[in-house]
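Q: Generate the whole structure from the sequences, applying the supplied hints.
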Amino acid sequence: MMESKLCRNCFAEYHSEESGSVCPVCGWDNAKPQVPEGLRYHTVLDARYVIGRAKSMNGEGITYAALDRTTKKVVEIREFFPLSLASRNAEDQTILPAGGKEAEFNSCLDDFVELSKNVSRLRELSVVNSVLDIFEENYTAYAVYEYVPSVTLRRSLENVGGTLSWNEVNRMFMPVLTALGLMNSLGISHLGVSPDTLRVTKEGGMLITGFAVNAVRRRGTLLIEELYPGCAAVEQYSSKAVCGEMSDVYALAATMFYALTGSLPKEAPERLNDQRLLISKEVLKNLPPFAVTAIANALQVKQETRTASFERFKAELSSAPSVVTEIEHTDAIRRLPPIDMDLPQNRGLPPAVWLIGSCVITLVALVIVASIWLGDRGMSFNDIQRLFQNSSAASEVITVPSMVNESYADWEKKIADGEYDFKLKVSTREFNGTVEEGNIISQSPFAGETIAAGDTVVVTVSKGSATRTLPEVKGTSFADLSEILSKNGFVPVKEDEFSDDIEPGYVIGYKDRKEGDSLDYGSTVTVIVSAGPEES
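Residue 105 in my numbering sits at position 92 of the sequence shown, with consecutive numbering throughout.
By construction, these hints were calculated from the structure, which means they are not laboratory data. Computed from a predicted model, the values in this text were never measured in an experiment. Any given hint could be a false lead.
[Unchecked claim] Here are the simulated EDC-like pairs of lysine to aspartate or glutamate, each with C-alpha atoms no more than 16 Å apart in a straight line:
{"#": "1", "residue 1": "K476", "residue 2": "E450"}
{"#": "2", "residue 1": "K524", "residue 2": "E510"}
{"#": "3", "residue 1": "K507", "residue 2": "D209"}
A: Structure, rendered in structure tokens:
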């Protein structure tokens, strides 16, 4: 009788007499030893989970393939095991903090448990890798993640030729952008978004994976760092700089750039001296100008000039006409023919006239060169004009206009168009039941006060009411309703149900909700979608 074994990767049964040590289902070679730092094969945790091969390691710990004996499903288990702070007892496999580092170990362990709990609260978001269980054992903690068959975005792109079209990127990344925005609003920053932590499922959707404590995602901490070159923001290369939503915006924009062009930006510290993003003409001509602008703004190296939130990033990706105009203007300048810098031969005019003309041409050429050089650094020709204006009017005094209850986007456009010579900065965005979403709640300095030209006016912008009303669903496809719900601050989740009356892909209704119900901003809304008639 042939002996049946379980694969240490997919936990399918196989017979070694027939296939040797290689699993016929997933192709994993079960003769491979476990990593030296890992738990032994077939270790049972929490009297429930059977440990398989170690799939990945970083400064926080080890991720294993595992079998849940209760549900008979394959899962992934994350073990907190920071090699810089601890070691494993070879006999009982417990984790032992290094001498003198007990306090640091316990602090990072608390962070791991807190992160796992926070991620577990996001399990209704289909684009987030769900945490199913958290438990403590072996003097450490474990998080059990749902196993979703998928490949990294990097591998997926390799399989399709290296790049995606803008429409494909927009479709795949928008749910990720929405989820990351919600996560950061709840105080959860990923800090490791990259082509290796975003995975593509069999259905072609995206999955956010690779969660780790913040100390792993920045340089100079007690844990061994794991930064993703080209995706890590410049502030992550310091243990003192503040990291958060802005850092995740940078990482997602870098990953989108990778999906569109096939290459990542240079590492952030290198880009401090040269921020240019190299895009081939072939790729550039197929990208909408507003998308190029939005990604470039999100990839500004310095925090003070970078897109500050996913809400803003999403708005810019939806088209920003004033910025598009500036980009087209700069591109027109770059297409100007080269200027002949040689002094012309006398053609009947006095030499002094030719000399003056040559100087004018030289000045124009220098301005164009400056516009190109600065344009490559995210500055438009209007910005260059304002630089010259600012340098000659440093002492100019401006009376601050009233902006309260007016559109923040409109004021951004006015300033971009040169109507006002000051900068605008959002201090916070907060819910307000009386001020319309996107309008300014308050400003500092107040209207009527004076500031110097080029100074900054700080504003608070309304996120609208903290409660939103569920829209009608009759005759609506899930794709259309999902877009409407997302724009209204909800997080849509799809649930299929057979129906003889409703066309497949169209909405049957809300689960446990009804049209007109008022829900908090950021609430998850389950939408029941027709899967068509059940096959008999």
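Q: Check each numbered hint from earlier against the structure, then list the numbers of those it violates in ascending order.
A: Going through the list in order, the structure violates hint 3 alone and respects the others.
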